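A.B. asks: One letter stands for each residue in the lines below.
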Amino acid sequence: MLLICCPYCGPRAEVEFRCGGQAHIARPGPYDAVSDDAWAHYLFYRENPKGRHRELWLHTGGCRRWFNLVRDTATHRIDGVYLLGDPCPEDLL
Amino acid sequence: MTSYRLPAGGRIDRNRPIAFTWAGRRLTGFAGDTLASALLANGISTVGRSFKYHRRRGIMAAGLEEANAIVQLETGAHTLPNLKATQIELYDGLHAAPVNAWPGLELDALALNGAIKRFIPAAFYYKTFMWPGWRWFEPAIRRAAGLGRAPTAPDPDTYAHRFAHCETLVVGAGLSGLAAAIRAAQDGGRVLIVEAEPEPGGASLWSGEDRARDALLAQLRSYPNAVIHTRTTAFGYYDDNLVGLCERLTDHIAPAGRAGPRQRLWKVRAGRVVLATGAFERPLAFAANDLPGIMLASAAHAYLGRFGIAPGRRVVIATNNASVYPLAGALRAAGVEVAAIVDSRGTNEAPDALAGCAPLRAHGRRQISAVTVGTPGGERKQTIACDALLMSGGWSPAVHLHSQAGGTLTYDQASQSFVPRPDAAAPLSVGAAAGSADAVGPIHLFADGDRAADQAWIDFQNDVTVGDLHLAARENFRSVEHVKRYTTLGMASDQGKTSNVPAIQQLAGLLGRTPPQIGTTRFRPPYDPVAIGAFAGTAVGRRLMPAQLTPSHDLATCAGARFEDYGAWRRPSSFALPGESEPDAVAREVLAVRHHVGLFDASPLGKIEVAGPDAAEFLDRIYVNRMATLKPGRLRYGLMLTENGVIFDDGVCARLDDHRFIVGTTSGHARAVTQMLEEWLQGEWPDLRVVTENVTTCWSVMNIAGPSARALLAAVGTDIDLSSEAFPHMAIRCGMVGGMTGRVQRVSFTGELSYEIAVPWHSGAALWSALLEAGKAFGIAPFGVEALMTMRIEKGFLHVGSETDGTTLPQDVGFAAAVAAKPGDFVGRRSTMRPDALRPRRRQLVGLEVEGAVPSLPVGAHVVDHGSRGRSAGWVTSSAWSPTLGRSIALAMIEAGTERIGEVVTLWDLGPRRSARICDPRFYDPRGERLDG
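In the order they appear, the protein sequences are chains A and B. Position 48, counted from 1, in the first sequence is what the numbering used here calls 48; the numbers after and before it change by one each time, with no gaps. Position 334, counted from 1, in the second sequence is what the numbering used here calls 1334; the numbers after and before it change by one each time, with no gaps.
Isolated chain A, as found in the complex (with noise of 0.2 Å):
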């Protein structure tokens, strides 16, 4: 079970959080003009790196924040989280 620093509440144990995947995906627009292809990338596509990977992760049991954090799908080390909205930071790329 990983100890995830939530940037609002500080280190708690992973069974207070919910994980929604990968970050950073933005959402085309408007509706009318986004091709078949582009949406379907946008809802279905996904990185699956061996390695650093930046997801979003929601605070569920705690302050109801997503943020945004990268964690290594190898080894589970989590090397930082920085708030949504926010870029990544580059030591983190």
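Keep in mind that the hints were calculated from the coordinates and are not lab data. One thing to keep in mind: the hints can contain errors.
[What the hints assert, rightly or not] Facing chain A, a subset of chain B residues (Cβ under 10 Å, in silico):
1. PHE1163
2. TYR1238
3. ASP1240
4. LEU1242
5. SER1403
6. GLY1406
7. GLY1824
Bear in mind that the values here come from a model prediction, so they are computed numbers and not experimental data. Beta carbons: idealized from backbone N, C-alpha and C, even for Gly.
Starting from the known structure of chain A, fit chain B onto it as the hints suggest.
C.D. replies: Using the frame of chain A, we list chain B on its own:
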């Protein structure tokens, strides 16, 4: 039977004899004994029959690595299968029996399997029982193999869970662990030391290092920040230094005297972890090495030093290392004859050792009576009479937790063992767990074709021999993971603690590779078996998934309600009168609503407050339907989609004022919808000035429905103008109801005039009582979920989750016009325009009617079109007997259904076929003329 208890020595309390029963025999041990030590003291050499061949097996170890002494503890509800006798502390009246022996230990019918061993080698069942099918043979084979019996009665014990945090967790309270704990305690942080045995000390409990242990314990106890928990096994190492512990609280007490939880499962998050888990001694492989009387040398030392037990009268010690020599001295001091020390190393550690020799074959029927030893080539061979053989093939550090933590291993050539590779990211291993520098001598490696290999056991619990490894190698299994699964090596409940490294050594010798080239199998939790009950903790029975109760629950119970669980909510399904069947009750409740008035506790309906200057804009982007144009005081029905276009939820949205809405959701979906709203707000539109809060359980909601609903609301007393001009359908008004502050919505899921009266949750029961009392004059009937569902099917109203599934789009259920009329984007809109969403012949919501007083159509029945070779063109989604219409009605999702109204279709349900006519789903009052009462 003679006693092997020595007149003195050990840590047992000889003033406290303890009576126990083994395999139906009454025996006696002492306080401080384990079941294993008490059996040895009583001269019981055979304690079990082996898993596959039903060979006699004796106690082989003194700790949790024991592979043979697997027992069934206690009987009835308290029975526990497959415990190791070495881990059971003796208590008065203890009752234990061997597993896998029938009719008994001494005469086992299936011992015949041993005689035909060469015909049932590893994986024989994969090859032999192919025809006519494995399932014909499986039951008999499972009966013949297998170990103990699972209890059939519910577990009478309770279990607890605890979270804990500490700066340092030390696993193992041997001398190394105690020393590490002292060093950690000096830094001032919280130190938790866990020890699986009943008392700290590890090997010092039998090795004679009492003074060193007592000094360390005294020093450790001077630190208030250090705590030792005994009888506590660290069974798993998880991410970020989370360690799972199982603490056995009352297992050492007779069941009748136990109080409180039997075991406690700990989840400890440690700043750092020190592993002082010790090492396991390896057995030696030679012919008939599984005879009772053959045990690990360290186990013999433990039984001698800790329990005052002689392993035999005349023993032979066989070793490839120096660790056994203190044992030889201790045995002689206790008066036990050491007939020979066989040491595979060329140089003599003691003048009387047989240098360069190893055991080749053990002899004996019921237990060992002699052993033939010699040089590997057989040049010097001799047979020595003995009643016990104590063996040591070197030591393997207990690297399990280190590996689970992600630590890697390195092969140490001198000690012939896998040792933890020091790594800043891995926990620190200390003492024997870090590996020993002592060099070990050669072990006997069997050549391919050596028949003795078939009698040389490697995995004692799963009955795997060196010959089985040879067979796997001959059949070209090369990966150690494949060999493991083919032979079942290391897959027993001991997880190969004594067998993995010897097997890797044998395999390496056979394949001409080195042990590190072979590698180890993966180490996974649990390190030692943990009762399922410990994992469940208190989440059993009613606490597994606590039911949410409505405010009127107690009153409904008194009124004779029958309850069912709808999602997390426990709600009345009907209010059957005494002697009334459920269908009759549902029919009576429906007719009461249609003709008079009914009362329904709708409190589980989701209520989410959405407020802020941008609330209207936000909800416009969420709902399929237009919400920005909704006027204060009015309601509008709305659909919510996922971004994939699929219907996610539906409900009524109320606008209280310009900046404040109440989003109504289906019962049980309030939390998910709240999370969805927040996900969009935080993730996509953080610029919108909106807040949300799930207030579902702040408001209880009582729904009164029926032509007399307005009169009833007036009778119960309200300051709200109820005239249909002042309070039309789909409006919300705030005011007093029956003396309580409330909000009243005119909204109908039944098709009748209907009010949903919301009052603070704690006032819900009072409102229920007031409505029921005032309603007597109007012929009121409380109704349950089944009647409500019947009425909404009569109205053809959609029920998300019944009519809809993970493919249903709004246009499939009659909302194409709403989508078309909506200006701008909303969640999921683009997905409703994909080619698959626009294709013809999608399934559409329709009604199905059947003529005559026939049973309802089964939900799930498929529409099978003629000439389509049985392909399903849709299915029944909801079905009911309509008391209002006096016939069976159903809702269905059928391909191109709206174009096919009037068509008679065939329905198929697991064989039987029925006919039904596709119709408009609005069976009752299609123009909504009854909504005003």
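A.B. asks: Hint by hint, note whether the structure agrees.
C.D. replies: Okay, the hints, checked on the actual structure:
1. PHE1163: holds (8 Å)
2. TYR1238: This interface hint holds because 5 Å falls under the 10 Å limit.
3. ASP1240: With Cβ-Cβ at 4 Å, under 10 Å, it holds.
4. LEU1242: Given a least distance of 5 Å, the restraint on LEU1242(B) holds.
5. SER1403: violated (14 Å)
6. GLY1406: holds (7 Å)
7. GLY1824: Given a least distance of 8 Å, the restraint on GLY1824(B) holds.
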